[in-house]
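Chains as they are written, first to last, in this note's numbering: chain A, 1 to 262; chain B, 263 to 542; chain C, 543 to 828.
Worth double-checking, as some hints may not be accurate.
Computed footprint of chain C on chain B; a stretch qualifies when at least three of its residues, placed anywhere within it, have a C-beta under 8 Å from a C-beta of chain C [said to hold, decoys possible]:
id, segment
1, 428 to 434
2, 504 to 511
Listing some non-contacts, in silico: residues in chain B with all C-beta distances to chain A over 10 Å [to be verified]:
id, residue
3, 283
4, 288
5, 350
6, 420
7, 492
Label-pair distances were calculated between CB atoms; the ranges are [unchecked claim]:
id, chain 1, residue 1, chain 2, residue 2, range
8, C, 803, B, 279, 51 to 57 Å
9, B, 444, C, 561, 26 to 32 Å
10, C, 559, B, 386, 56 to 62 Å
11, A, 74, B, 386, 45 to 51 Å
12, C, 764, B, 537, 56 to 62 Å
It is worth saying that the hints were derived from the structure and are not from the lab. Just so you know, even glycine gets a beta-carbon here, dropped at the ideal spot from N, CA and C.
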Amino acid sequence: MTLDERGPLGQVDARVKLLWVLATLLAGLIFVQPLTLSLLLLSILGVAALGRVLGATLQRLRSFGVLIITIGLIFAIIVPGTPLVRVPLVGFDLVISQDGLYLGLISVLRMFVFATPLLVTVMTTNNSDLIQALMVARLPLEYALMIVLALNFVPLYLAEFQRIGDAQRARAHAVVEQGFWGRIRGLIPIFVPLTLNAIDRADTVGKVLEIRGFSRRRFTPEFAPLTGGSWALLAVSAVIAVVAIASVLAGHDLVAALVGLA
Amino acid sequence: MSGEPALLRVERVSFRYRPDGWALRDVDLHFAAGEFTAIIGNNGSGKSTLMKLLVGLLKPTVGRVIVDGVDTRTARVSQLARRVGFIFQNPNDQLFANTVAEEIRFGLRNLGLPPAEVEARLEATLAQFELTAVRDLFPRFLSRGDKQKVCIASVVAMQPRVLLLDEPTTGQDHRDSRAIMELATALNQQGITILLVTHDLNNVAAYTRRVVVLRDGVVVADGPTAAVMSDVALLEACSLVPPQIVRLSLGLADLGLPLALSVEAMEQQTRAWLRARVRP
Amino acid sequence: MPGQPLVRLEGVRYRYPTSRDWVLRGVDLTLYEGEFVGLVGTTGAGKSTLCLTFNGLIPHYMGGVCEGHIEVAGRSTREQTVADLSAQVGLVFQDADAQLIMSTVEEECLLAPLSQGLSRAEARARAAQVLAELNATDLAHRAPQTLSGGQKQRAAIAAVMTAQPRLLVLDEATSELDALSVHRLFALCARLNREHGTTILLVSHEMELLARYAHRLLLLSEGRILLDGPPRAVLRELEVFRRAGVRLPQVAEFAARTADCLPWPELPLSEQEAERLLRAALETPE
């Protein structure tokens, strides 16, 4: 998933980027107000913009974004509350409630807050740096490697998913069955080859790891001194974490209060 | 050719995946019923894109594709599948069922055929492809050549008028590659139109009757196999190399040897030429 | 021309842990320093399995039952780890995607030297040197997914060459590539062989190219080596090849088929050779 052009964020220490991911995750879990979550998301996109990877980030978020927004809309429809919009359908009315929309908005913002920093980090970090950073977080090499390889092969799986889907559609396959189980059944012809291909690939990857000497390699993490960009992102992460924890201690959303004062 | 319109018509088609570049530009091609045609070109020449347009997996950005009278822009892939069968390069991208028989039933059921018809076609297909002995085996455990055969069988069972083969012999050894090309020839003799996308020019020369050459999304040659294969300059400009036997045959043309597209043809022609030389 | 023995197999039999059938059924083979060897055979003949024995993946990684003696540079592979052996034998696989596990080509090229204990600076210098030798310097900072098939295989070769192996084994590394990339990969192997003395073992179905580049051809069938020798000698055996399911290069097959009516003084390995020999034979007045 790593970009060819990693921009200034490519120079930022992988450990700092992981801390940033954790800080935004923490804040995303603590804050519930749409305003605060929006500001948090803006700060994340701001980091991406300063790192000159905003375009690439938004491009990759697009397909994921459709899913997130759909989930948000489902919230808006299924959560009962004050009716906001009523769409008459055959047999029943589709009601979008105010409370549902509010909850949907929060869940959409949160999912973007969780996904974006992770995406930006993976896009701008070399796999070996990411492995090192995960190992500093006391993760054993095998697990760090597993996580990074899984991320590494995501674009490959997406392309393969598309190809297998095409192959089955060319045999008149269409996921038209209704209901949850019907849809699951419809996906079997795609997921079975995808899984079996992944197992075949894992076999080669295992041999390659062995050849490259991973099994005996004692990774001694080696990091360059922190650059200005690293310190800046560290400061941003610290501010986010401190405000989030202070809000918990204060018992209310300090950001929203501050905006309210202004 | 009769006055009947071509089975597949690609009419002034251009296609782009992204706004910044055309994968195909102004392609105008007709394929008549009963053809055995190769589409060749290097990676990025647009041949896979052309194949996907012919089965409706992609819709033309400009122009239209007519498959057996149906405009692909207005039809779903699953509807076109009963007219055009598409075999993908890697059988592992397609095989998912737990038995060979189930794999063949899959497409038939997708067509909505009644169970009796599904079973009848299954039996006929197993017999036609000599797969009866392996009908209850897990397709993924078959040899690569047999896997490809199961894929072709599962599509031919749907009785398409056209079969598109995308690199069917890539990564296959000689034995399997030959078996697949002979299978394609047999299907062609039964009336199925065959379009073959491949890097293997030995097979193109030996088995097909017409060749379309693509380069950078443009058709740069289209004609009888012998004519295209003997245009060495054109092929080299497309980073393609004619088969060794064709190059030898071209090199000896001044001796009066006719062009040979396969080793067998070269042998026959040489023998005939030697006989003619003995009695002046 | 052949130098010291580099890899020696004696009576090697092997079967995978999940199977009762022997895949290798008694292979005796010595590869010498500086050779360019082509290995041919049908799918299932045991070519990939044989490749795995050279760097210790068989038996160390694959398990199963391995009988007989395998030695690399004079030492049994049983006494060495796969990582140690990768400094002697580099192995490139068919699936280009699965072999590039890092996010840039350069990173991939650092793995082997780092695991050999080089410092980061030394590893970088070696990676840069190997990439330059393979004309792949422009790929150093590219992400593997953005490369073409031919570039991916070049990157995979670079990654194994940074371990400085004396033998480079390519297991059907060209079979998914287009014609141009296949030619380039063969030419690259020939150059490594010529300029660096790297021993090459190339598994391929490209008979015409093997006949042109290889010094020695091995025909493997059902786990046994049926033929072993210079292409001009080996490719005479039309019947053995036919039984093994492997085709000959087209001009060699033509020569074999017309041996009764045309006076071939020797087996042609290229169309130019065939043309020259035929003209000499046909243009002589009766």
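Each hint tested on the structure:
Only residues whose beta carbon comes within less than 8 Å of a beta carbon in chain C count, and the segment 428 to 434 of chain B has 3; three or more means the coverage holds. With 5 residues having a Cβ less than 8 Å from any Cβ of chain C, the segment 504 to 511 of chain B passes the three-residue criterion, so the hint holds. Distance to chain A confirms residue 283 of chain B as a non-interface residue, since its nearest Cβ pair spans about 17 Å, more than 10 Å. A cut-off of 10 Å between C-beta atoms confirms that residue 288 of chain B is not in contact with chain A; the least separation is 25 Å.
The Cβ of residue 350 of chain B does not lie farther than 10 Å from every Cβ of chain A; its closest approach is about 4 Å, which violates its non-interface assignment. With a least CB separation of 7 Å from chain A, residue 420 of chain B falls inside the 10 Å interface cut-off, contrary to its annotation. Non-interface status of residue 492 of chain B relative to chain A is upheld: no Cβ of that chain comes within 10 Å, the nearest being about 34 Å off. In this structure the supplied range 51 to 57 Å holds for residue 803 of chain C paired with residue 279 of chain B, their Cβ-Cβ distance being about 54 Å.
The given range of 26 to 32 Å is respected by residue 444 of chain B and residue 561 of chain C, whose C-beta atoms sit roughly 30 Å from each other. Restraint check, residue 559 of chain C to residue 386 of chain B: a C-beta distance of roughly 40 Å breaks the suggested window 56 to 62 Å. Distance hint check for residue 74 of chain A and residue 386 of chain B: the Cβ-Cβ separation is about 47 Å, which falls inside the suggested range of 45 to 51 Å. Evaluation of the 56 to 62 Å hint for residue 764 of chain C and residue 537 of chain B yields a failure: the beta carbon distance comes to about 41 Å.
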